[in-house]
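K.L.:
So the protein lines, in turn, are chains X and B. With the working numbering, letter number 174 in the first sequence gets 174, and the count goes up by one each step, no holes. Every number in the working numbering is 307 more than the matching position in the second sequence, counting from 1.
None of these hints come from the bench; they were simulated from the model. Careful: at least some of the hints might be erroneous.
Derived pair list, reagent style DSSO-like, types lysine-lysine, alpha-carbon separation capped at 27 Å [as the list claims (entries may be wrong)]:
1) K19(X) / K43(X)
2) K269(X) / K597(B)
3) K116(X) / K574(B)
4) K288(X) / K241(X)
5) K678(B) / K256(X)
6) K116(X) / K256(X)
7) K241(X) / K158(X)
8) K256(X) / K340(B)
9) K574(B) / K269(X)
10) K535(B) / K363(B)
11) K566(B) / K19(X)
12) K256(X) / K499(B)
13) K256(X) / K535(B)
14) K269(X) / K340(B)
15) K256(X) / K566(B)
16) K288(X) / K574(B)
17) K547(B) / K256(X)
18) K597(B) / K27(X)
19) K256(X) / K241(X)
20) K597(B) / K547(B)
21) K256(X) / K466(B)
22) K116(X) / K438(B)
23) K256(X) / K348(B)
24) K499(B) / K438(B)
25) K348(B) / K619(B)
Letter by letter, the chains look like this.
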Amino acid sequence: MAVWIQEDAKVLVQGITGKQGMFHADKMVEYGTKIVGGCTPGKGGQTVDLQGNSFPVWNSMFEAIEESDADATVIYVPPPFAAEAIMEAADAFDSVKGEGVIVCITEGIPTLDMVKAVAFVDNRPGVRLIGPNCPGIITPGEQGGAKIGIMPGHIHAKGRIGIVSKSGTLTYEAVAQTMSINEGQSTCIGIGGDPVNGTGFIECLAAFEADPQTEAIVMIGEIGGNAEQEAAAWAAENVTKPIVGFVAGATAPPGKRMGHAGAIISGGKGTAEEKFAAFEAAGIACAKDPSELGAVLLESLKEAGLR
Amino acid sequence: MNIHEYQGKALLKSNGVPVLEGVHCTSIEAALKAYDDLGSKVVAVKSQIHAGGRGKGTLYHPETRDHVMDGGVKIAFSREEVETYATNILGNLLVTIQTGDEGKIVNNLYIESGCDIAHEYYLALLVDREKKSVLIMASTEGGMDIEHVAEHTPEKIHKVSVDPNSGLLGYQKRDLGMALGLSGSALRSFGKCLSSMYSMFVNSDCAMVEINPLVRTADDEIVALDAKVSFDENAEFRHKNWDDLRDLSEEEDVEIRAKETGLSYVKLDGNIGCLVNGAGLAMATMDVIKLYGGEPANFLDVGGGANEEQVKTAFSIILEDPNVKGILVNIFGGIMRCDIIARGVIAATEALSLEVPLVVRLAGTNVDEGKAILAASDLNIHPADDLAEGAQRIVALIGGVA
Numbered sequence: 001m002a003v004w005i006q007e008d009a010k011v012l013v014q015g016i017t018g019k020q021g022m023f024h025a026d027k028m029v030e031y032g033t034k035i036v037g038g039c040t041p042g043k044g045g046q047t048v049d050l051q052g053n054s055f056p057v058w059n060s061m062f063e064a065i066e067e068s069d070a071d072a073t074v075i076y077v078p079p080p081f082a083a084e085a086i087m088e089a090a091d092a093f094d095s096v097k098g099e100g101v102i103v104c105i106t107e108g109i110p111t112l113d114m115v116k117a118v119a120f121v122d123n124r125p126g127v128r129l130i131g132p133n134c135p136g137i138i139t140p141g142e143q144g145g146a147k148i149g150i151m152p153g154h155i156h157a158k159g160r161i162g163i164v165s166k167s168g169t170l171t172y173e174a175v176a177q178t179m180s181i182n183e184g185q186s187t188c189i190g191i192g193g194d195p196v197n198g199t200g201f202i203e204c205l206a207a208f209e210a211d212p213q214t215e216a217i218v219m220i221g222e223i224g225g226n227a228e229q230e231a232a233a234w235a236a237e238n239v240t241k242p243i244v245g246f247v248a249g250a251t252a253p254p255g256k257r258m259g260h261a262g263a264i265i266s267g268g269k270g271t272a273e274e275k276f277a278a279f280e281a282a283g284i285a286c287a288k289d290p291s292e293l294g295a296v297l298l299e300s301l302k303e304a305g306l307r
Numbered sequence: 308m309n310i311h312e313y314q315g316k317a318l319l320k321s322n323g324v325p326v327l328e329g330v331h332c333t334s335i336e337a338a339l340k341a342y343d344d345l346g347s348k349v350v351a352v353k354s355q356i357h358a359g360g361r362g363k364g365t366l367y368h369p370e371t372r373d374h375v376m377d378g379g380v381k382i383a384f385s386r387e388e389v390e391t392y393a394t395n396i397l398g399n400l401l402v403t404i405q406t407g408d409e410g411k412i413v414n415n416l417y418i419e420s421g422c423d424i425a426h427e428y429y430l431a432l433l434v435d436r437e438k439k440s441v442l443i444m445a446s447t448e449g450g451m452d453i454e455h456v457a458e459h460t461p462e463k464i465h466k467v468s469v470d471p472n473s474g475l476l477g478y479q480k481r482d483l484g485m486a487l488g489l490s491g492s493a494l495r496s497f498g499k500c501l502s503s504m505y506s507m508f509v510n511s512d513c514a515m516v517e518i519n520p521l522v523r524t525a526d527d528e529i530v531a532l533d534a535k536v537s538f539d540e541n542a543e544f545r546h547k548n549w550d551d552l553r554d555l556s557e558e559e560d561v562e563i564r565a566k567e568t569g570l571s572y573v574k575l576d577g578n579i580g581c582l583v584n585g586a587g588l589a590m591a592t593m594d595v596i597k598l599y600g601g602e603p604a605n606f607l608d609v610g611g612g613a614n615e616e617q618v619k620t621a622f623s624i625i626l627e628d629p630n631v632k633g634i635l636v637n638i639f640g641g642i643m644r645c646d647i648i649a650r651g652v653i654a655a656t657e658a659l660s661l662e663v664p665l666v667v668r669l670a671g672t673n674v675d676e677g678k679a680i681l682a683a684s685d686l687n688i689h690p691a692d693d694l695a696e697g698a699q700r701i702v703a704l705i706g707g708v709a
């Protein structure tokens, strides 16, 4: 078991004929992800060559899911069309299978488009959206696994640590830290750095808590909003597995957007200090430096009798 | 992206929100002509800068820093007063609670006719991250600092969350209006104003619209007396007119250039320049520099797929800051390969004849090739294996605490 995406999940790629889509689809196949084809409106019937194999392209997500029985889709569609790609996938998964996971990698989607798209997805309870503006989700396997996104596959290994993060490269840093203490990952989820996104911290924590493969959790937040504080409060009541945390942006000046659209301290709220305090109050072991995540995790595993 | 009050009011007006008559001007002569044209005995002379707290701000001479006048928003009762205020404001430095000590030079004025105010309210529309919808906030405590109201009398702030599928509904407008104590024609006027503002928010891809104060006039009309409007930059592709609304003098020149090359840069006050891939890791790098006793000079995210040229531009932007005494490069190669970054770093240090110490931490894809390339160069580059080591080294090299 892992979270939401199993090792052998069948995956579609929206925007598979574009430069980004094709590049990453190829990397996913190389990793071992079971890509079943892709969707680009107007290019149905064509094929795409990935790692020496040929994959079908469909015109619509309805067709694509009906014919491939995909479990998930990953979106590499440019910002002006990405929200609609999410809604098309949600509608198709809901109508054809009643369920499905949508992973949206695209950065730069207008916030109000996401307000609409998230409401659309929320009306279809079997459908889950991860992202946008995220590295994706990966469930490493014994051999290969399911890498759905842009993360470097080779730094991961199958194991028992669940990772959830708002940031891309900082997630890789967390993965490397687990590897430095000889721990692999159950599933790593990048929820994205946008102010309005799909799956949040709490849903990830709940899924890790319920997942028998996951035995400890690493949670990486950043400045802006109060999702970390709410997640910490929820975890204090509901999570029994050890959690290790880090929050990026302690040195960020107020009112400035730090790269991610959501990473801004407004009106003195959403600071790293506030979030670290919420983590500590909830019994989450904090690293003040991401290079210490491994050591802090090891300590937590020992305390829990897991090492 | 922020716009000026006068631009925000033009937008409100074109969407059907009542505003007072006003004229934007950039010279004293134009201000006097505006006063004559408006034909109003009393006018407001308002400094236009992208920061709040203008009314309680202070104007200084930009070079001598001599005190010129208290208040960046003045009520003028005569043509002479308009002249005095315009002279004191234009070209001078306005320091408010939001500008920081450096303040902002005022190049734009807004001359606005007066009105008879019965009550001042607060109204704002913004995107609620938690509820993932547009939130409308209103309060009877207009004209005050809303954060102060939120802290001390939260019961005086009323909120309505708009479902994007149904839009703003009649009962929501009524409930909010009645919570403000409005009735009769004022309540109807408020409802109309709210509908116009919501459609403006959605159609113009606003990030925030804040009206403080929104007033009820003696004739029970609802009028927007101030306008703080900002747009969601992600939506720029569908708003060609934003280019005309952008005031480049309000933005950091170097931040604009960074954006044009696909880099995300924010200048800070420290002396250790940072070059990182990914926003989260870039923030974490700054944090760790500080943790080990240094001060970061900037936030800089080169993005997921930077090439040699972008790395070079990133270096030159960092080095433009005279405070920079050392640079820490922190790359976790995912899609980006460490060997490409290593070549970019070498090309940049050679082209820019780098003199400050440089610490490079590489991890991830092709890390061994990357490290080998750096080691083989005869440049003075200090390698580091992890972020903590990188931060400690650069802090030590510039002679800070380690």
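K.L.:
Taking 27 Å as the top limit, are the C-alpha atoms of K574(B) and K269(X) close enough?
P.N.:
21 Å, holds
K.L.:
CA of K499(B) to CA of K438(B), is that 27 Å or under?
P.N.:
Cα-Cα ~25 Å, so holds.
K.L.:
Could you grab the alpha-carbon distance between K256(X) and K499(B) and see if it respects the 27 Å cut-off?
P.N.:
Since the Cα atoms of K256(X) and K499(B) sit roughly 34 Å apart, the hinted pair is violated (cutoff 27 Å).
K.L.:
Taken at face value, is the distance from the CA of K340(B) to the CA of K269(X) at most 27 Å?
P.N.:
Violated, at about 44 Å.
K.L.:
Does K340(B) sit within 27 Å of K256(X), going by the straight-line distance between their CA atoms?
P.N.:
Judged against 27 Å, a Cα distance of about 38 Å means the pair is violated.
K.L.:
Decide if the proposed pair is consistent with the structure: K269(X) and K597(B), CA atoms, cutoff 27 Å inclusive.
P.N.:
Given pair K269(X), K597(B) holds - Cα atoms ~21 Å apart, limit 27 Å.
K.L.:
Is K678(B) close enough to K256(X), meaning Cα to Cα at most 27 Å?
P.N.:
34 Å, violated
K.L.:
Please verify whether K547(B) and K256(X) have alpha carbons no more than 27 Å apart.
P.N.:
Cα-Cα ~24 Å, so holds.
K.L.:
Does the alpha-carbon distance linking K535(B) and K363(B) stay inside the 27 Å limit?
P.N.:
Between K535(B) and K363(B) the Cα gap is close to 16 Å, so the pair holds against 27 Å.
K.L.:
Can you confirm whether the C-alpha distance between K116(X) and K574(B) stays at or below 27 Å?
P.N.:
Between K116(X) and K574(B) the Cα gap is close to 34 Å, so the pair fails against 27 Å, i.e. violated.
K.L.:
Assess, step by step, whether the Cα of K597(B) is no farther than 27 Å from the Cα of K27(X), and give holds or violated.
P.N.:
Roughly 37 Å separates the two Cα atoms, so the pair is violated.
K.L.:
Compare the distance between the alpha carbons of K19(X) and K43(X) with 27 Å, and conclude whether the hinted pair is satisfied.
P.N.:
This hinted pair holds, its Cα atoms lying about 14 Å apart.
Consistency with the previously given hints fails for numbers 3, 5, 8, 12, 14, 18, 19, 20, 23 and 25, ordered from lowest to highest.
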